[in-house]
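S.K.: Residues per chain, in single letters:
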Amino acid sequence: MRQFSKLEQRLLNEFQHGLPLTPEPYADIACQLGVYETTVLETLRRLQTEGVVSRIGAVFRPNRIGASTLAAMSIPEAELETVAEIVSSFSEVNHNYEREHHFNLWFVVVADDEDRLQSVLAEIEDYCGYPVLDLPLLNEYFIDLGFDLKWTQS
Amino acid sequence: MDSKLNPRLQQALIEVISEGLPLVKRPYAEIAARLNCSEAEVIDGIRDITERGDLKRFGVVVRHRKLGYRANGMVVWDVPDTRVAEVGHCIGQYSFVTLCYQRPRRLPEWRYNLFSMIHGQDREAVIDQVAYIVKQCGLQGIEHEILFSKRCFKQRGASYLRNAGLTRPGLAVNE
Chain W
1 MRQFSKLEQR
11 LLNEFQHGLP
21 LTPEPYADIA
31 CQLGVYETTV
41 LETLRRLQTE
51 GVVSRIGAVF
61 RPNRIGASTL
71 AAMSIPEAEL
81 ETVAEIVSSF
91 SEVNHNYERE
101 HHFNLWFVVV
111 ADDEDRLQSV
121 LAEIEDYCGY
131 PVLDLPLLNE
141 YFIDLGFDLK
151 WTQS
Chain C
1 MDSKLNPRLQ
11 QALIEVISEG
21 LPLVKRPYAE
31 IAARLNCSEA
41 EVIDGIRDIT
51 ERGDLKRFGV
61 VVRHRKLGYR
71 ANGMVVWDVP
81 DTRVAEVGHC
91 IGQYSFVTLC
101 YQRPRRLPEW
111 RYNLFSMIHG
121 QDREAVIDQV
131 AYIVKQCGLQ
141 GIEHEILFSK
151 RCFKQRGASY
161 LRNAGLTRPG
171 LAVNE
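Protein sequences, first through last, are from chains W and C.
Heads up: the first sequence at position 20 corresponds to 20 in my numbering, and the numbers run straight through without jumps.
Heads up: the second sequence at position 74 corresponds to 74 in my numbering, and the numbers run straight through without jumps.
None of these hints come from the bench; they were simulated from the model.
Idealized CB from N, CA, C, for every residue including glycine.
Errors might be hidden in some of the hints.
[To be verified] Footprint (simulated), chain C over chain W, 3 or more residues, beta carbon under 8 Å: (1) 16-28; (2) 42-56; (3) 84-98; (4) 127-141.
[Unchecked claim] A short list of chain C residues far from chain W (calculated; beta carbon distances all over 12 Å): (5) I17; (6) P22; (7) N36; (8) I43; (9) T50; (10) G59; (11) C90; (12) G138; (13) Q155.
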């Protein structure tokens with residue numbers, strides 16, 4: 001990991017939410033940070049090119065648009081890659097991760113409505129031959145204020 | 001007053017802001033030009049969407065792995081149903097916790113009903129943070145497991161908007 005300048009650190013840490021809804025939002029950010037607007041734009045462009053910033057935009061709340069669930073499967077190690085590939089091939093599958101557990105494949109399914117969601121889960125079970133745990137969100141106990149990045153000194 | 005935006009424009013805006021704003025002097029004006037509406041409509045529309053509570057946040061979206069936060073543990077807890085809200089709020093307050101959700105148990109295969117996501121610079125950091133939470137929230141008697149992530153097979157790509165006739169990649173949820 002490379003070192004980040006003070007400006008980069010502040011851009012990454014302090015603007016994860018509440019981007020100004022003004023005609024020139026980057027100028028407002030520049031004003032808050034005491035730098036030029038062009039510097040803010042150049043720095044964000046560079047961070048985006050490097051892949052540190054995925055985008056300046058919105059992170060949506062699950063279950064607010066369409067239907068979604070977290071799903072898990074327990075797959076023998078030898079078949080994991082094949083099954084993961086089938087699961088990933090569904091356009092409704094969002095994140096798909098291997099995790100260290102007896103339930104070793106975890107993925108998020110997002111569909112236009114609950115019916116479509118259930119049929120995707122059923123299709124995945126059919127294609128893969130293993131049962132799927134359907135773990136939809138019931139309650140959220142978290143106010144997302146972004147992630148506080150603790151900078152290492154090394 | 002109800003939303004002044006027409007639904008088509010609202011859908012289009014949802015798509016645009018989930019993909020990201022252009023890095024130009026007047027990003028909302030550029031979006032407006034693309035969508036054939038005014039800059040004010042774009043700004044008001046995004047404000048509407050934010051105020052409706054559909055967004056978790058609107059701003060700089062960072063990739064934790066690229067910042068050296070390589071370890072990601074999904075910590076699952078088996079909390080008595082009567083304590084879920086209390087424990088959930090306690091866990092959810094820490095800055096290193098990025099998600100905290102109640103989900104159903106699926107007995108006998110799955111006993112855990114509270115899910116939290118914890119990012120750390122390495123495994124040890126995640127384990128330490130879990131120990132800290134256990135102590136701070138008084139969870140000594142509560143069964144839990146840490147499911148560290150290994151391979152990432154897919155990230156993003158799902159779309160809510162397939163049937164809306166829009167073709168761009170979809171919204172990012174749960175990031």
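S.K.: Check whether three or more residues of the segment 127-141 of chain W sit with their beta carbon closer than 8 Å to a beta carbon of chain C.
M.R.: holds (count 9)
S.K.: Verify this for me: three or more residues of the segment 84-98 of chain W with a beta carbon less than 8 Å from a beta carbon of chain C.
M.R.: The restraint on the segment 84-98 of chain W holds, since 12 of its residues have a Cβ under 8 Å from chain C and three suffice.
S.K.: Are all C-beta atoms of chain W more than 12 Å from that of P22/C?
M.R.: violated (9 Å)
S.K.: Can we confirm that no CB of chain W comes within 12 Å of the CB of G138/C?
M.R.: holds (16 Å)
S.K.: Should the label of I43/C as a non-interface residue stand, given a Cβ cut-off of 12 Å to chain W?
M.R.: violated (5 Å)
S.K.: A cut-off of 12 Å on Cβ-Cβ distance, and I17/C was said to be off the interface with chain W. Does that hold?
M.R.: Nearest chain W Cβ is 4 Å from I17/C, so the label is violated.
S.K.: Apply the coverage criterion to the segment 42-56 of chain W and chain C: a residue qualifies when its Cβ sits closer than 8 Å to a Cβ of the chain, and three qualifying residues are needed.
M.R.: Contact hint for the segment 42-56 of chain W vs chain C: holds, 10 residues under 8 Å.
S.K.: For the segment 16-28 of chain W, do three or more residues have a beta carbon lying closer than 8 Å to a beta carbon of chain C?
M.R.: Contact hint for the segment 16-28 of chain W vs chain C: holds, 11 residues under 8 Å.
S.K.: In terms of Cβ atoms, is chain W entirely out of 12 Å range of T50/C?
M.R.: violated (8 Å)
S.K.: Beyond 12 Å from every chain W Cβ: check whether that's true for G59/C.
M.R.: About 4 Å separates G59/C from the closest Cβ of chain W, which leaves it inside 12 Å; violated.
S.K.: Just want to verify: Q155/C was marked as not at the interface with chain W; is every Cβ pair farther apart than 12 Å?
M.R.: Check fails; 5 Å does not lie beyond 12 Å.
S.K.: So is C90/C really clear of chain W, every C-beta pair being over 12 Å apart?
M.R.: violated (8 Å)
In summary, the structure is inconsistent with hints 5, 6, 8, 9, 10, 11 and 13 from the numbered list given earlier, while agreeing with the others.
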